[in-house]
Amino acid sequence: MQKIKLMFEFMHGPIWPSDPFTGQPMTDIKLVDNDLDLKSWNTRCSELWDECYEFNSHEQACYFNKVTLANHKQELVDLLVNIKQRLAELNHGEFILEDQVTDCLNGGS
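At the far end of the sequence shown sits residue 1012, using the working numbering, and the numbering has no gaps.
Hints should not be assumed to be uniformly reliable.
[Said to hold, decoys possible] Keeping only pairs whose Cα atoms sit at most 20 Å apart, straight-line, the calculated SDA-like set for lysine to any residue is: (1) Lys942 with Arg989; (2) Lys942 with Glu954; (3) Lys906 with Ala991; (4) Lys908 with Asn985; (5) Lys987 with Lys969; (6) Lys976 with Lys987; (7) Lys942 with Val984; (8) Lys933 with Pro920; (9) Lys933 with Lys976; (10) Lys906 with Leu1000; (11) Lys908 with His995; (12) Lys906 with Lys976; (13) Lys908 with Gln963; (14) Lys933 with Gln988; (15) Lys969 with Arg989; (16) Lys906 with Asp1006; (17) Lys942 with Gln927; (18) Lys906 with Gln988; (19) Lys908 with Cys965; (20) Lys987 with Pro920; (21) Lys933 with His975; (22) Lys987 with Asp931; (23) Lys942 with Asp953; (24) Lys933 with Glu950; (25) Lys933 with Asp1006; (26) Lys942 with Ile932; (27) Lys942 with Ile999; (28) Lys933 with Met904; (29) Lys906 with Lys969; (30) Lys906 with Trp919; (31) Lys976 with Met910; (32) Lys906 with Glu950; (33) Lys976 with His995; (34) Lys933 with Leu951; (35) Lys942 with Leu979; (36) Lys908 with Glu950; (37) Lys908 with Cys1007.
Hints in this document: simulated from the structure, not taken from any laboratory.
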């Protein structure tokens, strides 16, 4: 059985794996990879998450701005609810979902 991870990383949408430039899921599960809503939501999550990163800011080469994250949190949560619901609709036993984003948004690592 395949595994789809939901996790945050700079320049990537939460659906792993996916193309960092287009947001296109690359899970090798055609129903997931070809779903236009998932691609759109994945791309928007990536945009919001990437806005939290600042370079050469706060005397650091790379700084993660938690205030920006707080400002984006509700939209990210809403998008992730959509992503998880759509993945559940598409899943007919082909994959398991490993959710690492919920913990991250709730203050985990």
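Taking the hints in turn, this is what the structure says about them:
no.: 1; hint: Lys942 with Arg989; result: holds (11 Å)
no.: 2; hint: Lys942 with Glu954; result: holds (19 Å)
no.: 3; hint: Lys906 with Ala991; result: holds (13 Å)
no.: 4; hint: Lys908 with Asn985; result: holds (15 Å)
no.: 5; hint: Lys987 with Lys969; result: violated (24 Å)
no.: 6; hint: Lys976 with Lys987; result: holds (16 Å)
no.: 7; hint: Lys942 with Val984; result: holds (14 Å)
no.: 8; hint: Lys933 with Pro920; result: holds (13 Å)
no.: 9; hint: Lys933 with Lys976; result: violated (30 Å)
no.: 10; hint: Lys906 with Leu1000; result: holds (6 Å)
no.: 11; hint: Lys908 with His995; result: holds (17 Å)
no.: 12; hint: Lys906 with Lys976; result: violated (25 Å)
no.: 13; hint: Lys908 with Gln963; result: violated (29 Å)
no.: 14; hint: Lys933 with Gln988; result: holds (17 Å)
no.: 15; hint: Lys969 with Arg989; result: violated (28 Å)
no.: 16; hint: Lys906 with Asp1006; result: holds (18 Å)
no.: 17; hint: Lys942 with Gln927; result: holds (5 Å)
no.: 18; hint: Lys906 with Gln988; result: holds (16 Å)
no.: 19; hint: Lys908 with Cys965; result: violated (25 Å)
no.: 20; hint: Lys987 with Pro920; result: holds (15 Å)
no.: 21; hint: Lys933 with His975; result: violated (30 Å)
no.: 22; hint: Lys987 with Asp931; result: holds (18 Å)
no.: 23; hint: Lys942 with Asp953; result: holds (16 Å)
no.: 24; hint: Lys933 with Glu950; result: violated (24 Å)
no.: 25; hint: Lys933 with Asp1006; result: violated (28 Å)
no.: 26; hint: Lys942 with Ile932; result: holds (13 Å)
no.: 27; hint: Lys942 with Ile999; result: holds (19 Å)
no.: 28; hint: Lys933 with Met904; result: holds (15 Å)
no.: 29; hint: Lys906 with Lys969; result: violated (29 Å)
no.: 30; hint: Lys906 with Trp919; result: holds (9 Å)
no.: 31; hint: Lys976 with Met910; result: holds (15 Å)
no.: 32; hint: Lys906 with Glu950; result: violated (24 Å)
no.: 33; hint: Lys976 with His995; result: violated (30 Å)
no.: 34; hint: Lys933 with Leu951; result: violated (26 Å)
no.: 35; hint: Lys942 with Leu979; result: holds (14 Å)
no.: 36; hint: Lys908 with Glu950; result: holds (18 Å)
no.: 37; hint: Lys908 with Cys1007; result: holds (13 Å)
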